[in-house]
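A.B. asks: Working from the sequences, and respecting the hints, build out all of it.
Protein chains: 2
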Amino acid sequence: MQSSWILAIRSVRPPRRLAPTLIFRATCLSVPASRRCFHISARPQDLNPAIEDMAPKAPKFEIKTPKGTRDWSGSDMVLREKIFNTITNVFKRHGGVTIDTPVFELKEILAGKYGEDSKLIYDLADQGGELCSLRYDLTVPFARYLAMNKDVSQIKRYHIAKVYRRDQPAVKKGRMREFYQCDFDIAGLYDPMIPDAEIIRIINEVFEGLGWQGKYTIKLNSRKILDGIFQVCGVPEASIRPISSAVDKLDKMPWEDVRKEMVEEKGLAPEVADKIGKYVVLKGKRELLEQLQKDEELAANASMQQGFADLDLLFTYLDAFNAGHSVSFDLSLARGLDYYTGVIYEVVTEGSAPKVSAASAEASAEKSKKKKGKAGEDEDRSDDPTVGIGSVAAGGRYDNLVGMFSGKTQVPCVGISFGIDRIFSIMRANQAKKERKNEVDVFVMAFGGGKDFTGLLKERSEIAARLWDANIKAEFLYKVKPKLQNQFKAAEANGVPFALILGEDELAQGKIKIKEMGLPEDHPLKEGELIDLKNLAKEVQVRIDRKKQLDAIVEQAEGLRVVGGIKGEDVKVEQQAKEGEVTPRMGEEVKAEN
Amino acid sequence: MQSSWILAIRSVRPPRRLAPTLIFRATCLSVPASRRCFHISARPQDLNPAIEDMAPKAPKFEIKTPKGTRDWSGSDMVLREKIFNTITNVFKRHGGVTIDTPVFELKEILAGKYGEDSKLIYDLADQGGELCSLRYDLTVPFARYLAMNKDVSQIKRYHIAKVYRRDQPAVKKGRMREFYQCDFDIAGLYDPMIPDAEIIRIINEVFEGLGWQGKYTIKLNSRKILDGIFQVCGVPEASIRPISSAVDKLDKMPWEDVRKEMVEEKGLAPEVADKIGKYVVLKGKRELLEQLQKDEELAANASMQQGFADLDLLFTYLDAFNAGHSVSFDLSLARGLDYYTGVIYEVVTEGSAPKVSAASAEASAEKSKKKKGKAGEDEDRSDDPTVGIGSVAAGGRYDNLVGMFSGKTQVPCVGISFGIDRIFSIMRANQAKKERKNEVDVFVMAFGGGKDFTGLLKERSEIAARLWDANIKAEFLYKVKPKLQNQFKAAEANGVPFALILGEDELAQGKIKIKEMGLPEDHPLKEGELIDLKNLAKEVQVRIDRKKQLDAIVEQAEGLRVVGGIKGEDVKVEQQAKEGEVTPRMGEEVKAEN
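Just so you know, the protein sequences line up as chains A and B, in that order.
Going by the numbering used here, the first sequence opens with residue 1100, and the numbers climb by one from there.
Going by the numbering used here, the second sequence opens with residue 1100, and the numbers climb by one from there.
One thing to keep in mind: the hints can contain errors.
[What the hints assert, rightly or not] Under 8 Å between C-beta atoms, here's a sample of chain B residues computed to sit facing chain A:
no. : residue
1   : S1172
2   : V1196
3   : Y1221
4   : M1247
[Claimed, not checked] Straight line, CA to CA, 16 Å or less: simulated EDC-like cross-link-like pairs of lysine to aspartate or glutamate:
no. : chain 1 : residue 1 : chain 2 : residue 2
5   : A       : K1181     : B       : D1199
6   : A       : K1610     : A       : E1628
7   : A       : K1191     : B       : E1180
8   : A       : K1647     : A       : E1538
9   : B       : K1181     : B       : E1654
10  : B       : K1181     : B       : E1307
11  : B       : K1181     : A       : D1199
12  : B       : K1582     : A       : D1290
13  : A       : K1582     : B       : E1307
14  : A       : K1578     : B       : D1290
Since the hints were made in silico from the structure, they are not lab data.
Just so you know, these numbers come straight off a predicted model, no measurement behind them.
Every residue gets a Cβ at the ideal spot worked out from N, C-alpha and C, and that includes glycine.
C.D. replies: As structure tokens, then:
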């Protein structure tokens, strides 16, 4: 590189303080006198008092994100991305393709789809033109997409995106006004129950991929069975959906309270309620289905017959998919939304339900009601024990939704929606160590000091550029003459695994020092090793790859420990990793590794 | 697997038509008579006329996405994801970390940041609580984030997300009301111009990563130089920003029109305008900077001195980063936004500027104005020749924006924003072949026919589950008794590379056939080969890996051809790939490939 090289240090001030004293320095290196002169410069406000007047004034409003929303950054963001990657990987494994719809829809598209919850929809202001609302979920936009695209009659689609609900936020529990949904749906007319079973297999793969083995339950029911029970018990046709909504509250309140709501609020005959009560407390596996099938009254009902046939087939397919182990056939599962027509799913885990007894729940609910009256609409209920984290995934079959848009064409659908923010909250709480914030593998440093130390900025830039050319993640300090100590501090702050250290003497020999960070004091390679500048990228890459392999083993072992698998085994795996491999054999020669 | 196996085929109707004739069939296989009976079932509306009444009716409004928005799906989505991945990869290589901010901000946060364009901001309706607006860019939310998080004094952050502008859409040209921005910013107080140079290196890496070598220009200027020129030419202080805005239009209209705007609309003295005209048409490299530095009048101006020093240093650092080749120092570049304080960048490519002559542009503009008056605010200007695709990336240094929120603390920033939708439009138009829609590697099929053919659904399910367990992407037809032809059709429709074909005879021997799709008629492995069921996952994975390596070579060769590199070389690479390797050696024994 023949270009001239000028270093100018201007108005150095300590970060984040506007100190009145400015230091002006300029240094000039290897510059042909004919072409260059010293440049001393500063920022406009240093020189021009008029511009200084434009300096910041305290704004008159609070700087924050809107209620029920938050920024994501740092290790939180890294963990969330990991969750997304795990889930996306599962979706693609099953042939899923992704679509992306606008964040707002025509107001009419959302109207009449969410029942009572429609009041939670965010509208855009009327600024002329079309009236629009922020999407409330990803399902209705998907149905709208299918209705618009008549050529798409069969699709497995996934969609990971934000949705919006003007609900009471509970930020720490992951109940937000802006939150991610992560949906997988299978649309199209197929032989029955095969896609419904594959959705359950997908739910299992996702939670096992996240390391939740044995920590989640997939509640399963069918709208056909539920409706059959209501019919057999004598619920009037018009009351079926409201009574269904009451049943859905059984995960939050005891049967007595649900019965009270049915009888006192919804006018159901007490003997009908009692009959329902006998059924909806039942939970089990396939044997519960067989038990119900023996009930002659139920067996005579048409809706029940369909529900029986569906679930019978479903359980058989689940066996073939090896996906039935975490399923609980649960007659109390009803789901709030109107559009479900067949099987319904809900995934729960510890913390999904509130942690209080029935009596104290009632008291708290009362208290909460009163508090709400005072504090207005925006209170955060994170610390309210009557608020559980809720289900972490939910879905079901909805065969008629697309027809609500298309007018003629029905596209039957079945799907699942993962509540990413709730999943995140649980994993964050159980996380043993924080994630690294960035992925930099190499920090390029200059060694030296004293009056003659140039800082080697040109050389650091060139080395970094060579690493970038080789697709190696690298950084260096944006400082003309950095102290070695500060360079190490910057690398350590983010756990960068390798330092490349430039020194005048080594450069003269065509060498550079590479040092793995964080080796113990007595390690033979603690002081690093010299490598040829000629083979720079290759030498560095080999060491990065070797360290990554090792880290993967350790991480897997730690992952098992965090999830709380079989203790003895985890410790053994981890121990092996640590004992056998934690010291990379960096003294070995670099071999061609494919 | 010992579970019983029931197959029920219900109400089979041709997809997407509600034919009045329903066919009921049921088949039962290997079911212990004691446990199972035939299930004949149908969907609710088949049995219950009341539910049939709930069948879809044509909605009374047009089913569409809001104006200026669109759905993304299919091969478009795949191409866009590829672009995202390329860019993210570059960002991470430079130590970038990502943050995610809410899609809406408090209205006050956005107020006063976008000058005249503030009228394009989308507001949320006032539904009680805070007043919010959809974000207009990612820069202001980033500044708000920095102001809120005092502990973050230095960060390299990237953010890929949608932004919203109530502008005139030009859908085919990628000018939308909802569109992605893709930002990389370096925040913090560092030695001068090092981050500014790294941003240019990043711009180069992104466009070269996308295969645009030699097809883009990074226009570069500095607000300090521009302001210095205006001061030297005698522009009154209060007119500097409006005159700057006029200069910014030089990429869309000839100097005569810009001069007219300055003199007639903005009241500038004609001789001042003429003096400006001599400077702002200049374009060049470092030698232009040297030429300006020799101009005694300019050299005496304080703002110019700072600008000179900045760019001198910048060009030197660009040499070290090997990143100066695509840079054009362009005095006509001004950028519309008020918040820039130092260097400014804009990346252009073919199609960035309108394709018409000055005269016809003016005529069209007149016509467009009139048409606008009639057609209202929502017209799509995709076919308007006076609308170029615009810049594909833009950015610069903004040292005072964070202070507008924090009140006290300044965090100097420099950054770049990539216009993904415009980049997409260009790449889509130049794309040689469509991307595959999903990533499935294996389609699991059943071979057989006639009366005794069971369809092997259980076996197909089990094989698929074993592939999923091994993280292999697999699908099968959701049909109890599929025709072989239909299974091949489904696999071919999406270019699935491998078929696994189950047959009763092969299964009895513990074997299964694997067949690479699309082999020529005379290929020795055209009919596939038998592999052991025991080693299923491994045998399949080896073949997938081998094919992927080959495809990567071919794709690289084709990629070069699409971009239009050096023709001779590309053809050679591609030819090599085709001649040497296009026939995978599937007859070889499977070796352990780590």
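A.B. asks: When the hints from earlier in the document are held up against this structure, which numbers fail?
C.D. replies: 13
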